[in-house]
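This is what each chain is made of:
Number of protein chains: 2
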Amino acid sequence: MGTVVALSGQVGGAKLAEGLRRLRGKDLAVIVNTGDDHEVFGLAFSPDIDTMLYTLGGIASPAAGWEPTGETYVLHDMLHRLGSEHRVRVGDRSFALPLLRTEALRQECPLSQVTLGFCKKLGIDARVLPMSNDPVRTVVLTADGEVSYHEYLTVLECEPVVKGFLYAGADVARIPDEVLEAMYAPDLEAIVLCPANPYHTIQPILAVQGMRELLRERGVPVIAVSPIVGDRALKGAAGKMMQELGHEVSARRVALEYYRLIDAFVIDSTDEAAAEGIRSCGIEVAVAPTIMRTADDGIALAQAVLDLAQQLRARKETEHSA
Amino acid sequence: MGTVVALSGQVGGAKLAEGLRRLRGKDLAVIVNTGDDHEVFGLAFSPDIDTMLYTLGGIASPAAGWEPTGETYVLHDMLHRLGSEHRVRVGDRSFALPLLRTEALRQECPLSQVTLGFCKKLGIDARVLPMSNDPVRTVVLTADGEVSYHEYLTVLECEPVVKGFLYAGADVARIPDEVLEAMYAPDLEAIVLCPANPYHTIQPILAVQGMRELLRERGVPVIAVSPIVGDRALKGAAGKMMQELGHEVSARRVALEYYRLIDAFVIDSTDEAAAEGIRSCGIEVAVAPTIMRTADDGIALAQAVLDLAQQLRARKETEHSA
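Quick mapping for you: the protein sequence lines, in order, are chains A and B. Take any residue in the first sequence, note its place counting from 1, add 1, and you have its number in my numbering. Take any residue in the second sequence, note its place counting from 1, add 1, and you have its number in my numbering.
Next up, chain A with everything else stripped away, as it sits in the complex (with noise of 0.2 Å):
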């Protein structure tokens, strides 16, 4: 067995980023989005890797994947009743990774390696790492301006409508020598692409310079799997944010989010109709449940994928011998 990279970010995506730690450990390699991360309390706040190491490090909450288990709001409280007016409720377990994280990148320690020491620290044997060192910002353009999508998401609570998105600083960002590392690794046997919000979780990972390009050079099989069941995301606005650019809501319309880069799509079992449509498109197509409730839901899904980049593995294969 080969070493595994997945790009990834929020809850759905740190599921399956689990499933394939539980069946690759040490060889599983995970790019989380950054595009979110900002600033509260003048603390880095990164939504996707902490939501990352709670999840890979066994101690996500099972019903609000983004923070640790049993998390209570003391502090959240008291800064309230002491004027503060931010809105996001970040519970008391969880200002501990911000802190520790501004406290390190202010004596210079690069996130990728701020990041790794935490992974050792929640005892993850796999390697979980920022899409870059370098900030880059989501930015999303809306009917009533331009806005940070952390701003989005908490202040205009997802209700503004959606033209656009950019990825400040994403042209100039570098990819981590870390990433490099992994990409490059002699045994890579699959990139898989998580189930997340293709917009403002997967898109700028893919636009940090050069990501598309590593992606596609190693040869090895990379495979995306639907975050839409059915005509609807399973979690956050990806649904509501497909309509206002102007697609249609589905499995198929993120697949072409990811044309010419992915080899192949993960769907779950209900959207078995749409196989032909986006395999029309000259992309593979595997039919599994993409729902996870449980970690076996997630092994399972993480054990089709890597079935599946065998199964493109071994065709290539015998293409090439032909």
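Just so you know, the hints here were simulated from the structure itself, not pulled from any lab data. Only a predicted model underlies this, so the values are computations on that prediction, with no experimental measurement involved. There's no promise every hint is true.
Which copy is meant is left open, so a pair is good if it fits within one copy or across any two.
Claimed, not checked - Listed next, the in silico EDC-like pairs over lysine to aspartate or glutamate satisfying Cα-Cα at most 20 Å (straight line):
id, residue 1, residue 2
1, Lys121, Glu320
2, Lys164, Glu245
3, Lys164, Glu249
4, Lys121, Glu86
5, Lys317, Glu160
6, Lys122, Glu152
7, Lys121, Asp78
8, Lys122, Glu86
9, Lys27, Asp126
10, Lys122, Asp78
11, Lys164, Glu104
12, Lys241, Glu158
13, Lys121, Glu182
Please arrange chain B on chain A, whose structure you already have, making use of the hints.
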């Protein structure tokens, strides 16, 4: 009734300040030591200011007066799980003031205004003010070298032998406008040095450039309350420090630390025998119960101090008219 200014810090100092607040409300201004201020995780911790705010805001823990009541430590535990080596066990609620202070200071709001803002939010009618908006850091000269007071307390646990103190930055630190305003109030009645460690709580305040002159020039009674009862400090390391500095551990010694600054000194009833020795140094002495176990104890001591101030003012008037 006129206005009162108190110089204060630590838990005992906050208790007397609360007694004064109960008697004078908005006519009290408390100038608080900031020589123990320090950064942890890049956050601006002001231990003496926060103790004062919790106490005057009525939310201080009765057991540990330096933190809010019902404090929990889940963030601290998480920080340590993630590798933090900071020793001080900061409670969850206790992060709120430093977080908001740090944010406000970064936005160029002066510490005095930040602190008055906290007073408002906590419903404190009195004015809590830092001794300066400029940084002053108390340095402990020990047998093993120089350390910040914060490090001496938390890392070295007050172990090394004390040779002396420095108040770095005090000679160029400016007195805040709000402190000047309180000191120049036309109806100022008394200046009270609350019971607290003379070396690292009261002296740093007095070391701010021009502070001693300011206290004397108004001509109102300056009265200190002894933090030493019998031959030991009520709290903290004052006794140990006095011994290592080559002094006797006594109320008299504390009175001498304020020589030529104070008009009168309040000692505990158990130290009545020491009164004559202090009077022989030209300092008036009053005897009162100085141990504040309850809020009423604090009010009674505050009343005793204000009564003494009134006597001193009356005597002065008599002398003038004589």
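Hints and how they fare:
Taking the shortest alpha-carbon separations for Lys121 and Glu320, neither the intra-copy value of 42 Å nor the inter-copy value of 75 Å comes in at or below 20 Å. Only within a single protomer do Lys164 and Glu245 lie at most 20 Å apart by alpha-carbon distance; the minimum there is 7 Å, versus 71 Å between protomers. Taking the shortest Cα distances, Lys164 and Glu249 sit within 20 Å of each other inside one copy (15 Å), while across copies they are farther apart (77 Å). Taking the shortest Cα distances, Lys121 and Glu86 sit within 20 Å of each other only across copies (16 Å), while inside one copy they are farther apart (35 Å).
In this homomeric assembly, Lys317 and Glu160 never come within 20 Å of each other (Cα to Cα): the closest approach is 46 Å inside a single copy and 71 Å across copies. Within a single copy, Lys122 and Glu152 get their C-alpha atoms no closer than 31 Å, and across copies no closer than 26 Å, so neither meets the 20 Å cut-off. Taking the shortest alpha-carbon separations for Lys121 and Asp78, only the inter-copy value of 17 Å comes in at or below 20 Å, while the best intra-copy value is 31 Å. Proximity of Lys122 to Glu86 under the C-alpha cut-off of 20 Å is restricted to the inter-copy arrangement: shortest distance 13 Å between copies versus 33 Å within a copy.
Taking identical chains as interchangeable, the C-alpha atoms of Lys27 and Asp126 lie at most 20 Å apart only when both belong to the same chain, with a minimum of 5 Å there against 59 Å between chains. With identical chains, the CA atoms of Lys122 and Asp78 are at most 20 Å apart between copies only, with a shortest distance of 13 Å across copies and 29 Å within one. Taking the closest pair of Cα atoms, Lys164 and Glu104 never come within 20 Å of each other, the shortest separation being 37 Å inside a single copy and 33 Å across copies. In the homo-oligomer, the alpha carbons of Lys241 and Glu158 lie at most 20 Å apart inside one protomer (12 Å), although the nearest pairing across protomers, at 57 Å, exceeds that limit.
In this homomeric assembly, Lys121 and Glu182 come within 20 Å of each other (Cα to Cα) only inside a single copy, at 18 Å, whereas the closest approach across copies is 54 Å.
When the structure is compared with the earlier hints, violations turn up for hints 1, 5, 6 and 11 and for no others.
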